[in-house]
Amino acid sequence: MRRVMLLCGGLAVAAAAAWIGESVSSPRAEVHAAQAAPAATPEMLAKIAEGSSQFQQKCSFCHGRDAGGGETGPDLTRSKLVLEDVNGNKIGEVVRTGRAGKMPPFDLSSAEMDAIAAFIHAQQAKAKAEGGRRGVNVEDLQTGNVAEGKAYFEGAGTCAKCHSATGDLAHIATKYQGLQLEQHMLYPRDAKSKATVTLPSGQVVSGTVQLHDEFFLGIVLADGTYRSWPVDKIKYTIDAPHEAHAKLFPHYTDADIHNLMAYLQTLR
Amino acid sequence: MMNTWKSKVCVWTLAFGSASAAVAQLPDQATLLHPGADSWPTYHGDYTGQRHSKLTQITPKNVGSLTLAWAFQTRSQMELKSSPLLVDGILYFSVPDSVFAVDARSGHLVWHYTYPPNKGSHIGQRGVAAYKGSIYFLSPDCHLVALDAKTGKERWRVEIGDVAKGYWTSMAPLVVGNHVMVGVSGDFDNLRGYMKSFDAETGKEQWTWYSTPADRTGGMTWMTGTYDPDLNLVYWGTGNPTPVLTAVTRPGDGANTCSIVALNPDTGQLAWSFSVSPHDTHDWDATEVPVLIDGPFQGQQKKMLIQASRNGYFVVLDRTNGKSLLTTPYSPVNWSLGLDKDGRPIPNPAKDPAPDGRLIAPDEGGATNFRSPSFDPKTGLLIVPAREAYSIYFSKPADGTYGWSGADYGVWEKGVLKAIDYRTGKIRWEHETGVSTTSGILTTDSGITFTGDFHDNALALNTADGKTLWHANTGAMISTSPTTYELDGRQYVLTGSGGVLFAWTLPEGTK
Numbered sequence: 000m001r002r003v004m005l006l007c008g009g010l011a012v013a014a015a016a017a018w019i020g021e022s023v024s025s026p027r028a029e030v031h032a033a034q035a036a037p038a039a040t041p042e043m044l045a046k047i048a049e050g051s052s053q054f055q056q057k058c059s060f061c062h063g064r065d066a067g068g069g070e071t072g073p074d075l076t077r078s079k080l081v082l083e084d085v086n087g088n089k090i091g092e093v094v095r096t097g098r099a100g101k102m103p104p105f106d107l108s109s110a111e112m113d114a115i116a117a118f119i120h121a122q123q124a125k126a127k128a129e130g131g132r133r134g135v136n137v138e139d140l141q142t143g144n145v146a147e148g149k150a151y152f153e154g155a156g157t158c159a160k161c162h163s164a165t166g167d168l169a170h171i172a173t174k175y176q177g178l179q180l181e182q183h184m185l186y187p188r189d190a191k192s193k194a195t196v197t198l199p200s201g202q203v204v205s206g207t208v209q210l211h212d213e214f215f216l217g218i219v220l221a222d223g224t225y226r227s228w229p230v231d232k233i234k235y236t237i238d239a240p241h242e243a244h245a246k247l248f249p250h251y252t253d254a255d256i257h258n259l260m261a262y263l264q265t266l267r
Numbered sequence: 000m001m002n003t004w005k006s007k008v009c010v011w012t013l014a015f016g017s018a019s020a021a022v023a024q025l026p027d028q029a030t031l032l033h034p035g036a037d038s039w040p041t042y043h044g045d046y047t048g049q050r051h052s053k054l055t056q057i058t059p060k061n062v063g064s065l066t067l068a069w070a071f072q073t074r075s076q077m078e079l080k081s082s083p084l085l086v087d088g089i090l091y092f093s094v095p096d097s098v099f100a101v102d103a104r105s106g107h108l109v110w111h112y113t114y115p116p117n118k119g120s121h122i123g124q125r126g127v128a129a130y131k132g133s134i135y136f137l138s139p140d141c142h143l144v145a146l147d148a149k150t151g152k153e154r155w156r157v158e159i160g161d162v163a164k165g166y167w168t169s170m171a172p173l174v175v176g177n178h179v180m181v182g183v184s185g186d187f188d189n190l191r192g193y194m195k196s197f198d199a200e201t202g203k204e205q206w207t208w209y210s211t212p213a214d215r216t217g218g219m220t221w222m223t224g225t226y227d228p229d230l231n232l233v234y235w236g237t238g239n240p241t242p243v244l245t246a247v248t249r250p251g252d253g254a255n256t257c258s259i260v261a262l263n264p265d266t267g268q269l270a271w272s273f274s275v276s277p278h279d280t281h282d283w284d285a286t287e288v289p290v291l292i293d294g295p296f297q298g299q300q301k302k303m304l305i306q307a308s309r310n311g312y313f314v315v316l317d318r319t320n321g322k323s324l325l326t327t328p329y330s331p332v333n334w335s336l337g338l339d340k341d342g343r344p345i346p347n348p349a350k351d352p353a354p355d356g357r358l359i360a361p362d363e364g365g366a367t368n369f370r371s372p373s374f375d376p377k378t379g380l381l382i383v384p385a386r387e388a389y390s391i392y393f394s395k396p397a398d399g400t401y402g403w404s405g406a407d408y409g410v411w412e413k414g415v416l417k418a419i420d421y422r423t424g425k426i427r428w429e430h431e432t433g434v435s436t437t438s439g440i441l442t443t444d445s446g447i448t449f450t451g452d453f454h455d456n457a458l459a460l461n462t463a464d465g466k467t468l469w470h471a472n473t474g475a476m477i478s479t480s481p482t483t484y485e486l487d488g489r490q491y492v493l494t495g496s497g498g499v500l501f502a503w504t505l506p507e508g509t510k
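From first to last, the protein sequence lines stand for chains S and R. For the first sequence, numbering that gives the first Met the number 0 gives the first residue as 0, with consecutive numbering after it. For the second sequence, numbering that gives the first Met the number 0 gives the first residue as 0, with consecutive numbering after it.
Simulated from the structure, these hints should not be mistaken for lab results. Please note that a few of the clues may not be correct.
To be verified - Once the Cα atoms are required to be at most 16 Å apart in a straight line, the calculated EDC-like pairs of lysine to aspartate or glutamate come out as:
| hint | chain 1 | residue 1 | chain 2 | residue 2 |
| --- | --- | --- | --- | --- |
| 1 | R | Lys395 | S | Asp139 |
| 2 | R | Lys413 | S | Asp212 |
| 3 | R | Lys395 | S | Glu138 |
| 4 | S | Lys101 | R | Asp455 |
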């Protein structure tokens, strides 16, 4: 039960989405909408209803029935991508191409995508109007101690073996905040492994690993060319320094993590 | 047409030793109790849930020449998660809203049934059940549908749950005699889990068993259970209590949630219950296959139930009474303070989801999930499609006490097949599969383990040591648990990949 899906779409405008969401979902928001917003057209309400139906079938398992996150899938109502989406330009791309290892691609008609996006934007607006709800705020992640985090970084955590607060991590807290920073800190999922391959001819090539299973190694060379070999026909080494993060999991206490977060958040 | 008729007669003859038996409608209870080599009449293949086949034509020596017999395209965007049944030469399998009947020799489509569009979650469909000429299918919107196995025409349809409240269905029913037993799914709402049994002939409801008392919720019955005919007990795993990630409104163990339960199939009465995750706050359903095995345990012959559970623990129970024989982790686990006197893990309160997050192993997807393991009687190994995984779990008062009530985020995972010796819980071998595991397991008496890896490769491994013997890239994620059967003297192995069902066999004449 592990793969996820997002949705796609193209609702009219983000501003319109705000009041549409309020008018379809929450009684409290409905009153608000009736006072402050223009009436939803029957067409838009129908589109959101259709989007809701599509969402329940295809997306709800991972992203939750209300798009607020479910089994393994992120909360879409707090998604930066959804917030920045206009007419499905951002969500549509994710839906059509999927996310490697996380979410399969979906081949939806443009009408289905429109409807689903309308529903997501409506849910986002509703969540905003309702206040307290699921999700992780930057404020939630402030329970650590900066000095202890720094000591752990430089000592027991072994972070300083590979990282430097004034080098690769300088301004890291400007680049990432809150949960995103914590996730990068625990394990940088987007990090790529490098491979160095010695061919039977003796030639040595290196590049970024794209495929590595029991049978093949496929790498992308510096000029963008893809090359692959059966693993039993070559000699190769793989350099994946980010895997050191996984080795730390059995050793972290939750306090270590919170302290490290406190320290990293000072690196602005 | 003529060929089909002839081959049917041939199968009947093999099964009953007499062509006159062809008037009976298969599978009957005798077939379900003792399935032949030419049948796979239940989700697990037989009532034990071992997913182990006695077939030996494909061996470690010749499996390297395994080749494609045929492929069937469902043309569905939804992945096949179903285990195809084989009854009388026809395979029956499903994706949400669709059932297919396909010739097991040729891959030819015999019929295709479609259920009307509906609002139930379409996350998956594990398959169908068969009994006396009917095929039983659960729709995403909680209807049990009986189809004519010959034509795919609907015989009857009954509602088993209210989709508007948040229930849906994804499992293959289990048939025991005249009982068609079904379970329900649902995670987003505070709802009571239950099982129901229906008359196989008429669809009339026979009984309902609720996982939780009226003032508690959760305990969904997502997956197909197993059955011991001698004890006349059905074994079923139940899901997490709700709200999911907080227990502020549900103090205590949460009896019969995240549990293995034993029920009388005639009455729905609970015989015993074992809680694999007392007081769960991490969504660790105990709905993984409750595998039934008989054999020695610490010097005594035992009737056992073994489960590699989602929470990271392997459990061995005496299935006559539900008492623990062994509980031990098979994958990284950091949420427990040890075991209580009854062999149940003790949850560490410090590892409950919290406002500032807790690092937890395994993650929410669990150390294993719905994909079937397989038990190989010769080696005593339960081969589990396992994962090693960590995530961070959050919950705070503002998240409320309805439905999810928090959030969790996976940070790292690795797929590792683990061969667990049931007598000790020790891992005999491991086989890494990539970022995660996607496929279930089938073992055969010749010593082969069939499965798949994260890179879409169908795999045959040596059951003794986990070494790879054969592979084929199928081009899409393998979300099925493989099955096997023998027809006309040829052994076939089925693996579903994406929306395609592949049938593998040896070239004619292979020794």
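### Task
Quickly compare the C-alpha distance for Lys413/R and Asp212/S to 16 Å and report which way the hint goes.
13 Å, holds
### Query
Given the proposed pairing of Lys101/S with Asp455/R, does the C-alpha separation stay at or below 16 Å?
Satisfied, since the Cα-Cα distance of roughly 14 Å is no more than 16 Å.
### Query
Are the Cα positions of Lys395/R and Asp139/S separated by 16 Å at most?
9 Å, holds
### Query
Straight-line Cα separation of Lys395/R and Glu138/S no greater than 16 Å?
12 Å, holds
Every hint from the earlier list agrees with this structure, and none is contradicted.
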